[in-house]
Amino acid sequence: MKFNQTYIKRLIFILGLWPLLSISIHIFQDSLGANPVEFIERHFGKWALIFLCLTLSMTPLRRITNISQWILYRRMLGLFVFFYASIHLLCYIGLDYHFAWIDIKNDIIKHRFVLVGFLGWILLLPLAITSSDKMIRKLKTNWKLLHRLIYVVAILGVLHFIWLVKKDLTEPLIYAAIISILLILRLNIFKRKKF
Amino acid sequence: MAKIKKIPSSEITPEHIYNERRNFIKNLGLILSSTALSTFTNTSFAGLNTLPSFVQSKEHGNEKLSSLKDITSYNNYYEFGTSKSDPSDHADLLKIDPWSISIEGSVTKPLTLDMDALIKLMPIEERVYRLRCVEGWSMVIPWVGIPLNSLLKKVSPTGNAKYVEFVSLKRPSEMIGQKDDILDWPYTEALRLDEAMHPLTILAVGLYGKVLPKQNGAPIRLVVPWKYGFKSIKAITKIKFVEKMPITSWMKASPKEYGFYANVNPEVDHPRWTQATERRIGESLLAPRLKTEMFNGYQKEVAHLYQGMDLKRNF
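Chains as they are written, first to last, in my numbering: chain A, 1 to 195; chain B, 196 to 510.
What the hints contain is simulated information worked out from the structure, not anything from laboratory work. A couple of the hints might just be wrong.
Covered by chain B, per the in silico footprint, the following chain A stretches (three or more residues, Cβ under 8 Å) [stated by the list, open to error]:
1) 30 to 39
2) 101 to 111
3) 155 to 168
These figures come from a predicted structure and were not determined experimentally. Just so you know, even glycine gets a beta-carbon here, dropped at the ideal spot from N, CA and C.
Assemble the whole structure, with the sequences as input and the hints as a guide.
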């Protein structure tokens, strides 16, 4: 059983690197399209959202399947959210804006979709920092409380996408629906039921 | 204009050759008469050319033209879908032959023309313009078309004509994006009369010396280079002179975001995107953004149209 879990963890880790590999293939094949900066930025933003959905699925899955193992993979998935959200932010700051801090500041202040995205990333920081076993022990019950911030991050992340889109909301609303379901499943009425 | 087929990539003049030809002409300092040009175009674009001869643009600054591939594969044309690749993927379905365009409203001599007649009505010419999208990216495109004013003058607008409204095609069976109510179809746009009559405003029927590809608005589209791209309506079927300022598709969809004028203005931000800078399509991954210029760099030509107007309010 122990062996099995380590094996699965390694597998998840390797699979989690897929977005990096796939973008490398695109760069290598020069197939990033007409607007390569936008392509790369959106790629990592999208993967941060996907990992966010996966992270939030672990707790409901544990309850629904009655298998506790799911929870063992939650931390790694969460760190992948932070990892890809950080690359996404770096692409924006470095690739898109060439570290023009004043322009970046103006962009964040003036545009709500940028602002909520940035806030989401800021809120991920304490979660990533306190993700180690040591910090979990140190923070005790506060840890659980602190890590509820991920729900706020999820909402900000989806808003970031919704407010970016000009007219066709289909794709961001799919994420909004998934995240809503994952949050609703956490409500007490669902918790009391035995699956 | 005869039937316009999708241009196979093998028949498209590669950009560098196109540019070499342009330089060749420029360097020789040839003043090309239209007869000389017709030989030039016919031999250069043999087999495909359905555009009549045209005068090549004499000036296009030092700006590098965007590649034909980028111009024809990265499009906003919601009639075919909302992703940038949808137009090039789905525009093939659209039948543009036959096509008629009517010019009506407050005019003394209304006109309805097919494309053949329209193109014979006046000489076409090449215009290299920057295209600035409201989303913060830009291209440089060698259009081929006619100045809109030369066409509009033919219908003799009356004194009531204050604005010119443009209506695009509504045909959901061929424009599959119209099956969704993303916008209130058909797409409409409008200009103030003096904007419509401005010599920079053209109706494009081609680009890169070829017939206009469908994803770029074939058979005929508007190009107003000092305004954000969405003003340059594609696949025009009707041009109407009116007295009152029309409410355009984007104004209807989101009045706080899209005004009537939509002049490129780095000082007036869009709620979503910065308008101070832009990303030039086709530049390398590591290229910096460019500063956006007032009226997309056509300030000298058009600023007088807006003298005394508060451009923050009239965005």
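Here is how each hint holds up against the structure:
no. : hint       : result
1   : 30 to 39   : holds (count 7)
2   : 101 to 111 : holds (count 5)
3   : 155 to 168 : holds (count 5)
When each numbered hint is compared with the structure, no violation occurs for any of them.
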